[in-house]
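S.K.: Sequence:
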Amino acid sequence: MADQWRQAWIAALDELEADVEDVERMISNDHRTQELPLAKPWEPPAGLGPLPLDLKPRADFILTRQLEAAKAAALAITANRRQTAFASRVEVGTPGKQVPTYIDCAM
1 MADQWRQAWI AALDELEADV EDVERMISND HRTQELPLAK PWEPPAGLGP LPLDLKPRAD
61 FILTRQLEAA KAAALAITAN RRQTAFASRV EVGTPGKQVP TYIDCAM
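Each residue of the sequence shown is one higher than the one before, starting from 1 at the first, in this note's numbering.
Hints were generated in silico from the structure; no laboratory data involved. Note that the structure is a prediction, hence the values are computed from the model and not measured. Heads up, the beta-carbon is just placed ideally off N, CA and C, and yes, glycines get one too. One should not assume that every hint holds.
[Stated by the list, open to error] Calculated pairs, DSSO-like style, for lysine-lysine (alpha carbon to alpha carbon, straight line, at most 27 Å):
#1 K40 with K71
#2 K56 with K40
#3 K71 with K56
[Unchecked claim] Here are the in silico distance ranges between beta carbons for each label pair:
#4 E43 with T101: 46 to 56 Å
#5 A8 with R65: 15 to 25 Å
#6 A59 with A79: 40 to 50 Å
#7 I10 with F86: 26 to 36 Å
#8 L75 with E17: 29 to 39 Å
Go ahead and model the full structure; you've got the sequences and the hints to work with.
M.R.: Here's what the structure looks like:
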């Protein structure tokens, strides 16, 4: 029984770790070469019970990675928004202003 309980927690932690690895890959340059599905919210399996004490360091490490990945994602989103705002000003001069169109009537 204790082994089944421990194995259930190992499987749950494996799932959490896979989710954070997906986010870390999206943040890295790997996201440019592959499409990753949206992460689904994690739900602990039914009847999992309390975390075995010997797995607490792994769970804490995964939590730390999740928090770091969330921070990196937020910084990447902020940088992307700033870059988009800058690019919109460079392309048209001011945000929302129409781009001039020139027609070559010589032809």
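S.K.: For a quick check of understanding: which of the numbered hints are violated here, in increasing order?
M.R.: Violated: hints 6, 7, 8.
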